[in-house]
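S.K.: So you can see what is in the structure, the chains are spelled out below.
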Amino acid sequence: MFREISYLLTILFYLNSIHLVYGTQNEDDFNDVRSEFQVTGDGFHREMRMSSSFLPSFLQGCSALTKWTIPSGIYVDPYQLQASVMNKTVRFSSHVNIEQMAHHAEPLTLHSLPSLKCSNSCSFSQSIPFHVRYHLPSNNNEYATVSLSSPTTYFSCDCPSVDVMDVKKCLWQSLPEHVQIQEVLVPIGDLSHSPLVTIATIAISFIGIACVAWTSAIK
Amino acid sequence: EKESRKAVWSRYQQPKKSWIYRNPYLFQFLGVTIGLSIFFSKQIFDIFVTPSYGALEKPREKKLIMDSVRKAQTRLKVFPQLLADCGGPAISYAKCVVVQENLKQNACLQEFNELRNKKDWNTRLEIRSQAVVMCDSGKMKYKACAAGLAIRLFLIVWGYFQDNYLKVQYTDVDYIVFTDASRYVTQGQSPYLRPTYRYTPLLAWILTPNIFFNVNFGKVLFSVVDLLNGLIIYGNVQSRFNSSIAFKSLCLWLFNPITLVVSTRGNAESLIILSVLLTLYFHQRLSYFASGFSLGLAVHLKLYPIIYSVVFYTSISPSATLFQSLKPNLDRVKLVCGFCLSLVMASSVSYYFYGWPFLHETYLYHLTRQDVRHNFSPYFYLLYLHSELDTAPLVSLASFLPQLLIVLVLSWRYRSRADLSLALFILTFGFVTFNKVVTSQYFLWYLSLLPLCIPELHFSNTKLVVMGLGWLISQGLWLLCAYRLEFLGHNVMLHVWVASLLFFVVNVYIVTQVLQVKNNRRDKPKVL
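Going down the list, the protein sequences come from chains D and R.
Per our numbering, the first sequence starts with residue 1, numbered consecutively.
Per our numbering, the second sequence starts with residue 1, numbered consecutively.
For the record, the hints were derived by calculation from the structure and aren't laboratory data.
By construction, the Cβ of each residue, glycine as well, lies at the ideal position given by its N, Cα and C atoms.
Any given hint could turn out to be false.
Here are some of the chain R residues that sit facing chain D, going by a computed Cβ distance under 7 Å [stated by the list, open to error]: (1) 384; (2) 398; (3) 402; (4) 406; (5) 409; (6) 487; (7) 491; (8) 493; (9) 506; (10) 508.
All chains should be built: construct the whole structure from the sequences, respecting the hints.
M.R.: See below:
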């Protein structure tokens, strides 16, 4: 009797494992998802840090994928990432022009394959440096606001080794987590300064050239 | 008890002995030392105090004294050798004179002529003294170059360690851009696939050994080119002044921290400076075609050397009127032909390989560049506020006009041949000051030409200190405000603009001071 029950339990256990390994799990399988999303630093150069931990823990050989929508108000330097530990694990959806102003730029998507560590629970973390673009000046506000939403995490156990350039060949499941929003304040110019700045800059530059011409002429 | 009380009482009453009695030997030593110091005080003053007191004298007088002393010393060095050389004929003449009982005119004419004609004292003295001086300065020149190369190699090695083990990178971002572009070239692709590569493809071709051999090849190449630049500066200053001043200019170039750091971080400025210095070198040698050729190459590498074209053109045959200054002659035509040939050749080869991206990234981008981010130029805030308004083209034109005017004014002021080195420096200084975008990299364009003309800039110490401190402090103020804006996120745009205006005013003041420097040199060029 007990032998049969133990055989049955063993078969159920392996079936469950196969069920998970071949990726037909659903959201109910992920318990206790904890994710953190924060933006550190000040000024125009900041860092986005995210970390996520969840159960079940017997998911070795599976891969995590994060998809982060980068708003037009900021940019991530691809070559800065390439020079860091995230080399060859990130992909941008389009070319990044690092010199554009915010109103000329477009949002783009960054896919990243963080390394997954599983012991008691599975977790990963990543930090991506980003830079704030120049925004249009305004009459009313001293700062513009850029809203950053937390990346979406996906999970796949289909492909043992997945390349960031070819993620579509795997079947991904999204992790149930709440979307978090962080706001970044960007200093912008004040249009009310425009008359003073225009007159003073042009006047001083022409006075400067007049001084140079006069000094040159009196030789 | 009485005796003990007496002993206590006598001990109490006895006065304490002075330290002289307690330390007789010390007293004797001090007394003798103080006495001798007073007795020999004048000699001590002369030996230890007078030299530093002498340094308070005017440096110009001291320099004159030192030069004449140095010249006398070099002459005296060769005197024993000359005496030894003329010993033979002098002895034969003396024998002839001594033997004559009744010395008549032209009695020993033959011996006298032999003594006179054997060695020409004055010429030999000059040649020998010059040879000694040049030999000394030549050895010192190469020693300085060796030391400069050693420091640069050390900095390159240090840069390797800093890049790998510290968070702040030593290598400049531009060097990484060059290396990435060279990698594309080695793969048979266009270097312009690398974003922000806005240079000539020749640079990517030159730096392909970065991929084949070692990534630091480019830094070593730029350091070696630095030494070449130093030698050209030395030759230029020596031909106009003397070897000691030339050596000082060489040291100012080789051991200047800005020059050291720029080349070893991987900036390619030394290549552009080499082409500008070669233009000047060939121009002074009256090889105008070669001068034009190297100027065209400099413009191909970076557009800003175009501002030197007017001054190189007019200084070939300087004249007082505008018409004569611009009228073509054979030499001026050679200059223009050399310029056009090199520019067209380099551009054609690059266009053949890479097409429109080459034209856009190397030339057109720099002409139409509108960078509204904060920089040292006071125009940044003006262009930023007007960036999306209808007045943007007008504002852009108003920013360009002063720059054009200053190039024309300074080119006209320094149209004589003797002023060429100063002309290059002040033109670059004025151009950068009035530019719409000014970054730290642009400072090297004129700081690299400062060793060429610093012997001509006779400023008093006070003025030098005022100008130097003013330049540094105004820059420091701007950096402080920009740090608050960029790294702390405070809205201090107006402060940054005011700081950039202050820096602009200081630079204009420096330009006016340099314009007032008197020209004390000869006008004819010395052909090398």
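S.K.: Compare the structure with each hint and give your call.
M.R.: Comparing the hints with the structure gives:
no.: 1; hint: 384; verdict: 5 Å, holds
no.: 2; hint: 398; verdict: 5 Å, holds
no.: 3; hint: 402; verdict: 5 Å, holds
no.: 4; hint: 406; verdict: 6 Å, holds
no.: 5; hint: 409; verdict: 5 Å, holds
no.: 6; hint: 487; verdict: 4 Å, holds
no.: 7; hint: 491; verdict: 4 Å, holds
no.: 8; hint: 493; verdict: 5 Å, holds
no.: 9; hint: 506; verdict: 11 Å, violated
no.: 10; hint: 508; verdict: 4 Å, holds
The structure shown violates just one earlier hint, number 9.
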